[in-house]
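Engineer: Residue numbers (our numbering): 1 to 541.
Some hints here could point you the wrong way.
[Unchecked claim] Taking lysine-lysine and the DSBU-like style, the derived pairs with C-alpha atoms no more than 35 Å apart in a straight line are:
| id | residue 1 | residue 2 |
| --- | --- | --- |
| 1 | K154 | K69 |
| 2 | K220 | K346 |
| 3 | K167 | K220 |
| 4 | K220 | K186 |
| 5 | K167 | K101 |
| 6 | K305 | K487 |
| 7 | K492 | K299 |
| 8 | K321 | K299 |
Hint data in this document are derived by calculation from the structure and do not stem from the laboratory.
Quick caveat, the model's predicted, so the values are computed rather than measured.
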Amino acid sequence: MRRQLMTGVAAAALFALAAGTALSAEPKQGGTMTATFKDDVSTLDPAIGYDWQNWSMIKSLFSRLMDYKPGTTELTPDLAESYAIAPDGLTYTFKLRHGVKFHNGREMTADDVAYSYNRTVDPKTQSPGQGFFKSIAGYDDVVAGKATAMSGIKVVDPYTIAITLAKPDATFLQVVALNFAGVVAKESVAQYGADYGHHPDGTGAFYLDHWTLGQELVLKRNPDYYLKGQPYLDQLSFKIGAEPLTALLQLQKGEIDYAGDGIPPAKFLEVMNDPAQKKLVVQAPQLETSYLTIKTTMKPFDNLKVRQAINMAINKERIVKIINGRADVTNQPLPPGMAGYDKDYKGYSYDPEKAKALLKEANYDSSQSFDLYAYNTDPNPRIAQAIQQDLAAVGMTVAIKSLDQANVIAAGGEPDQAPLIWSGGMGWIADFPDPSDFYAPILGCAGAVKGGWNWALYCNKDIEAMAAKADAMVAPDQAQARADLWKQIFGKIQDDAPWVPVFNEERYTMHSARIGGDPSLFVDPVHVPVNYNYIHATDAQ
1 MRRQLMTGVA
11 AAALFALAAG
21 TALSAEPKQG
31 GTMTATFKDD
41 VSTLDPAIGY
51 DWQNWSMIKS
61 LFSRLMDYKP
71 GTTELTPDLA
81 ESYAIAPDGL
91 TYTFKLRHGV
101 KFHNGREMTA
111 DDVAYSYNRT
121 VDPKTQSPGQ
131 GFFKSIAGYD
141 DVVAGKATAM
151 SGIKVVDPYT
161 IAITLAKPDA
171 TFLQVVALNF
181 AGVVAKESVA
191 QYGADYGHHP
201 DGTGAFYLDH
211 WTLGQELVLK
221 RNPDYYLKGQ
231 PYLDQLSFKI
241 GAEPLTALLQ
251 LQKGEIDYAG
261 DGIPPAKFLE
271 VMNDPAQKKL
281 VVQAPQLETS
291 YLTIKTTMKP
301 FDNLKVRQAI
311 NMAINKERIV
321 KIINGRADVT
331 NQPLPPGMAG
341 YDKDYKGYSY
351 DPEKAKALLK
361 EANYDSSQSF
371 DLYAYNTDPN
381 PRIAQAIQQD
391 LAAVGMTVAI
401 KSLDQANVIA
411 AGGEPDQAPL
421 IWSGGMGWIA
431 DFPDPSDFYA
441 PILGCAGAVK
451 GGWNWALYCN
461 KDIEAMAAKA
471 DAMVAPDQAQ
481 ARADLWKQIF
491 GKIQDDAPWV
501 PVFNEERYTM
511 HSARIGGDPS
521 LFVDPVHVPV
531 NYNYIHATDA
541 Q
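Modelling step: build the complete structure from the supplied sequences, incorporating the hints.
Structural biologist: So, in structure tokens, the structure goes:
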């Protein structure tokens, strides 16, 4: 998710929302849940939305061919009733459920699946998820503007779709479980055009009732949802505009059910030292990395020695102290727990003197100044200031541009903007539990495009070939060899220093006592933040 994409600490509330010790395990039908966010949601278009704030909303508004069993990493058919894989591993045939309806009342068919995939890949859509579909035959022609539809997607009949890959892809079933593979209604996209993200029309458990920009967004239970008995809540209300401290106060008073921007760092110890509040706090590990991106195509950052110097200049231990120690320092893009993580990788140590020497070797002009972009919700501005001070100590001047999340994301996708970005609020959380997810969208060539999430614009063709080889290793007996290859890949990437990996975060969140559910159902290791479909209100009628 990750995914998705959260701040270092302050936006943790969506992850483990209702996994407290005092929760009711028996789901109840009915009731509402109210949440707050400081900033408005950017979009609810599944082809475009890609941040921690909208990820769960989009997941609940749209459905996909595949999904994960709640609380697990086990894939299961969703919009598909079943699927079959050809002996050569290239063609996947999905049989669709009958009677699935869009929120507009029309039945969904295989044509809608084909349209949705082609729309996500179409360069005009500028989808950050475009690269996930690169293994489908005909992808390159659509991306190049030579075709409007991928040749590998065939509608067999209204309830059958066959997808042929140009090459084996060990992650393909996980790709069609992503939000980017959410099925949309073509007529609604045509009706609203560029504003479709404010008028989503899916087949999910909830539908958008209304959205008053900058004030409120309300989702209501879909009475025609094809999974009977879900969702449990009748309504999800998101209030916009509350600062994190204000939201925490509202939560403490019982006025809301969770604060979407999390426990403010300044209040963390106070909350944890109060037994009544602490019992409503949940701690959970996460497949996540927060990092500083360095735009490798902009001078002087096209010089490897400058990038290495930045890696050696930053005091990561000090940054972790800013967030109350709620993270572990890291030296590589992959988080621990992910196949391919290299516990023996040395990386770049904190060494300001060595950083100064490297800048001297690179003939770095210390009179230059560059912008460091950061999300404007605490603690990210304070982390950016720490980075600014560390760089100043080695002779590099940066000016902080503290903006709302949407504007930081937009600048990151521009080739001539945002030379440095602190990812807090957008740190990478696994979309699916595979190392390729930490490569293709954020460090691979497919993501190094305008509007993409590879903000470093890092593209190494040799590594690209190694990644393609890893993704083609689909046999179960190749799992260890595949993990070893990914270990090599990420070691070579970090040797090129397009990032400064800073920490892997632990999640802490606080919920109201009236929100219930079995934690295994919605503290999901894959779909982070929380899966709204499984939350219920303990006081529901």
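Engineer: For every hint, state whether the structure bears it out.
Structural biologist: Quick rundown of the hints versus the structure:
1. K154 <-> K69: Distance of about 27 Å is within 35 Å: holds.
2. K220 <-> K346: Cα-Cα ~50 Å, so violated.
3. K167 <-> K220: 41 Å, violated
4. K220 <-> K186: 22 Å, holds
5. K167 <-> K101: This hinted pair holds, its Cα atoms lying about 33 Å apart.
6. K305 <-> K487: Distance ~23 Å between K305 and K487 Cα, so the pair holds.
7. K492 <-> K299: Between K492 and K299 the Cα gap is close to 22 Å, so the pair holds against 35 Å.
8. K321 <-> K299: Roughly 32 Å separates the two Cα atoms, so the pair holds.
Taken one by one, the earlier hints fail for this structure at numbers 2, 3, listed in ascending order.
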